[in-house]
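Residue numbers (the numbering used here), protein chains in the order written: chain A, 3 to 429; chain B, -12 to 891.
The hints are simulated quantities; they were obtained by calculation from the structure and are not laboratory data. For clarity, every value in this text was computed on a predicted model and none was experimentally measured. Heads up, some of the hints might be wrong.
Derived BS3-like pairs (lysine-lysine); straight-line CA-CA distance at most 25 Å [said to hold, decoys possible]:
#1 B/56 - B/158
#2 B/847 - A/83
#3 B/56 - B/380
#4 B/174 - A/83
#5 B/864 - B/420
#6 A/83 - A/132
#7 B/864 - A/83
#8 A/83 - B/108
#9 B/380 - A/83
#10 B/823 - B/847
If you want the building blocks of each chain, they are given just below.
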Amino acid sequence: MTANKIKHTPALVTRRNVLKGALALGITAGVTPFAIGKPKPTLKVMGTHVTLQEAIRQQAMEDLGINIQFEPGGSATVLQKASMDPTSFDLYEQWSNSIGVLWRAGAIQPIEKKRIGYWEEINNLSKTGKLTANARMGAGDAPHKILNIQNDGTLGANSTDIVSFLPYVHNVDSFGYDRRRLPKDMQGEAESWGWLLDSRYSGSVAIVNDPTIGLFDLALAAQAKGFVTFNDVGAMTEQELDNLFSVLIELMQLNHFNGFWTSVPESVQFMKSGRVAIESMFSPAVSALNGQDIPVTFAAPKEGYRGWHGVMCLSSASTGRSKDVAYEYMNWWLSGWPGAFIARQGYYISNPQRSAKYLSNAEWNYWYEGKPASSNLTGTDGKISVLKGAQRNGGSYENRFSNVAVWNTVMPTYEYSLQKWYEFITS
Amino acid sequence: MLSSIRTQLVIVLAALIALILFQSYIAHENQVVLNRGVDSASAAITAVGTVKELERDVVDLQRNVLIFKENASSSAITRFTRLMASIDVKLDTLAQSNIVYSESDENHVLTRMHEHLDAYKDNFTQVVDARAKRDNLVSEGTLANIISLQNLTTRLVEQSEISVTTFNEIKNQLILAENATLKYLQKPDIIFVNAFNQALRPFDSIVNRESDTSAERITARVDRLKADFLTLTQITQGNLFLVNVVMAGSAREFLYLSGELANNVSAQSDAITMQTYELAARTQKNGELFSLISILLALIAAIFTMVRILGPIQSITRVFNKLSQDVQIENIPGSKRIDEIGKLSRAAMVFSDKNRQTQKLLEDAQNLNVEQERLNHELRISKLKAEQATASKSIFLANMSHEIRTPMNGIIGLIELAQKQTLSNTVRDYLDKAAYSGQILLSVINDILDFSKIEAGELKIEEVNFSLHSLFDNLIAVIALRAKEKNLSVRFSVNPSLYSQIVGDPLRIAQIIMNIGNNAVKFTEQGRIEIEFDGALSDSGDVFNLTIRVSDTGIGMSQAQLGRIFKPFTQADGSTNRTYGGTGLGLAIVSQLVELMHGELHATSDLGKGSEFVITLPLKVINRQKGVLHQTPALPNDSMYLTDCALLPQAYIQHIQLSSQSIVTIEQGKDRADLPAHILIDVPDFATFRQNLSWFKTLVEDGKSVGLVMESAGSALQAKYASLWHNPLIMHPFTPVQFERFIKQVISKDTSEESQIVKDKESEEKNVFFEGHVLLVEDNNINQLVTGEMLNNVGLTFDVAEDGKQAVRKIENSSEYDLILMDVQMPVMDGYEATKALRARGFTDIIIIGLSANAMEEDKQHAIDAGMNDYLTKPIKQKALTVKLAKFLTKEAYEGNSKNHYHI
């Protein structure tokens, strides 16, 4: 689908076309040395809709000559399932806040860096936490803090030969708002998390229904509004949570919040239907809405972003051939095309330079450099998602990741926050 | 097409029907819309109710989830399941309700509700499972592990496997762990997890002091405890997340959606109600509009029918009424229209025109009638004139007859008298020719007279009994005489069985045959003329068909000529007249006579070869007669007929019973020594006769009876035969009677009558004389002279009276006259009057014979009626006069042949 639009890697395009042709002719055997004389191995991938996209699966199957099963689901559900039953997956794709659970549960096994061909290309964001030297260190579980498997079996910042996850997709999130419905007196203001709790948006606000994510949106918002203060927003105390939720519950009673979405399509639906004017958002939802001519801006809040880092984990039950295939798939993810693919949805890949070859200059400049689009850009669905002249909010990749206020985090008060969250959304 | 009233009516009616149908349709649609509106409203109410129930159910669900979360109550699970089922049913109900579910709903509210509900259910199942696992872990796992670890260490210390210190330390740590576990179960907090982990952490150093076996056993138990606790925390955490976040979120969203749904339903219901009202109002308006249009259209149709159809029909009806009463119509309404009314009007117009035409025709007819009557009148006058003309013609003809016959009488009579004088040959020759010319003239006059009579329809066909023999005699006498002059052979034969006594008009039958026979002679230069008589009774036996066939070898005629010859004044062609003379009336008269006798006449002819006429006349006969030859005896048995080519007709040969063996050629006959006593010999020509005469005579001398049969011959040759042969002889043509006499002569060898055939009949009456004194009443001096001379010839004396008056006076003066010859047409007093006067004066006995130039039959009757005894037609011929006189006067000397009674 999108393969034909990639201009910079003729060799690979040709190879894919050849493979496509071969498949079209029904020649499926002999695509890879592994396939000879054996049934195609099947890779089971569990995760969320963010990365478990059909186009990626098809491309991977075509490129790798393997069968791939995607099992996308809600983040809590898949996490529960994965942590309880490592045999239900080969690879698990989610974000960094799930790593602690999985690791403690022994559901995942260490990934050997030496088997990741592009390891050295992976940038410092996930290695040191700082993409650039001057970058602000985000609060909470920054990826580098949970990446390395320490000798005592805990996860830490010190580099070892083994890692708990493969760093790949990541992004900074904020909130999106419908420019048409931005109250007039707010139009001059700098975008702020505080908008989420602004009374002028009362009744038109939605938050992602996940305490490890939405809680930080709300915390940043409440902090920006000056309702509460946090010692460490990445590790809120019970008292701080009490304070925060008392404000939130009060707002909830005032019907300030319209809804809590649990999936990206739902967030799109919320905004598209006009049910909300501002909400927690993930990048693909913004792209989708823009693609549908709904003028949604993905805010670049002055308080900084909420960062998240995707993790690709290897099942502790995965051995032998399925483990080999899993490594193949991990390597494929860093081979450029997938990075380019998700770039068109606003995500970043940990080794962007390899994906740059699969992006046009306009795309690269728009998505990574934060420059105005020099031409109309198409999304992963082939439709125009970015009009010529549009510019990504928040600047370049470096700019954005130099301004992460907090990472998605499982805090020590996680269980308590769940309790408070329940009180909040049912109030 | 469209101009037809029928079509117009049909269109109007169709429009009306269409309107009514459309109105019905609209009414129906209206009803449907209203029904739908009512249905929608009720459905909306139901749906709103259902949605409210849904909300209640979901709240109830959450309540039960909380109850379960608190005490793992199984009744909560049951309640949850039932609520779920109830919600499912309600969602399905809503999904089936049009008012809630619509494909175009972009929010997919119901779908999303379903999704949330399913997720909620799944999550609850997980929660239930996890709760069971947790409870199990608590009872069988974590806490049981702590207890079993305590038991193990107790056993080990009792068995002195471990030190008491170790035991105590372990016990303390286990108490700490148990404490942490219980606290965690109460409040899942990372603090208690850490406490638990801290409690178990010293175990490694503690058990290191003991034996490996004990250490291993304890460590294994501790590891299991750790694992179970980890699982416990995971399950608890997961459950917490599921219930507090996921399920709470789902329920919240579900409630939100159901609220949306309720709003949507209400809004849609309101919209539908509004729409229904609007539609109903609009439909009502439309219905009213259509009703109005229908009424208007119906009115228009009625007016249209009145104005365009009924009105014109009434006026046309009036027109027709008037027309039927013959009232003239000047102007017919609607005749310019092109529809049925127009046609009707035009029909009325036609009707009116016809009326006029009829009247005109009537007038014309009346005029024509007048004209016709005038014409009829003229025609009557014309007819009268024509009749007068015809009468005039008849009178003229009668006069002509008289006027021509009277002088002809004189001429012919004087020529006859002159011929009796001694004259020079030249003068005699002139006189002969004059006599002949007179005869021709007379016959021409007779022809014209006959024709006129036939044309005038005045010719009467007599029906008298007569003998064919006399007819044959006259026929042969006349035709043979003519034929002889041209040296033509004439054969005359009669069927031997032919009856001789016939009833008919002998005069006219003879006239027919004479005419045809004379024609045959006239148009034949050489060769032969054959006349055959035949006849037979018809099948019914009452009619005798006499057939006469006359054929010749003359010039013949073409078919075209044949077609013309029976028309009056026509001959075969113009040149015929110049060559052969004649009036051209002969055959026309024949044809008409045959027609008058109901007979048939057929003529066939070959140009240059001859003609044949066949006449068939239906006549009456006296039955059971004998044939014409019945008196002719058969020849003796051994008789012979010597002939090369039989001159005797075959029928005659058979009649005289000559067998075929007895017929030999003359040469053969000559050679025969034993010739019989009776021999018939054919002499076809004079050469044969001269050659064999000596032999004939020898035969006669030998006592044989020899009869010669001769071919026709001229008078001179006849005389020669007669002078050289005095034995029986017969010459063509001969009558049956002559043949009979001939055969009798041969049989009897009688020769006494040998010369009678060639004897001049004129001489028979030479010496007839009467006694008596005659009064000749005649105004014409010539005729006085001629008739007087004829009277002198027969020895009578006479006086002459110039007219009837003189005659009457003379008779009164002297009544010694034995007979009066009274001309009927005279000045002063005509013959009829004179006769009447005489008879009136008592002279009834005296014989009065009328003399008239009128040859008409009625003249004779007229004469008889006037009192005359008999009647003579002028010109008077000696012979005819003698015959008449013979009837009334005594003969002084009479030598006439008895067979000559049959005169024409």
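Evaluated hints:
{"no.": "1", "hint": "B/56 - B/158", "verdict": "violated, 32 Å"}
{"no.": "2", "hint": "B/847 - A/83", "verdict": "violated, 170 Å"}
{"no.": "3", "hint": "B/56 - B/380", "verdict": "violated, 165 Å"}
{"no.": "4", "hint": "B/174 - A/83", "verdict": "holds, 23 Å"}
{"no.": "5", "hint": "B/864 - B/420", "verdict": "holds, 17 Å"}
{"no.": "6", "hint": "A/83 - A/132", "verdict": "violated, 32 Å"}
{"no.": "7", "hint": "B/864 - A/83", "verdict": "violated, 179 Å"}
{"no.": "8", "hint": "A/83 - B/108", "verdict": "holds, 16 Å"}
{"no.": "9", "hint": "B/380 - A/83", "verdict": "violated, 160 Å"}
{"no.": "10", "hint": "B/823 - B/847", "verdict": "holds, 15 Å"}
The structure shown violates the earlier hints numbered 1, 2, 3, 6, 7 and 9.
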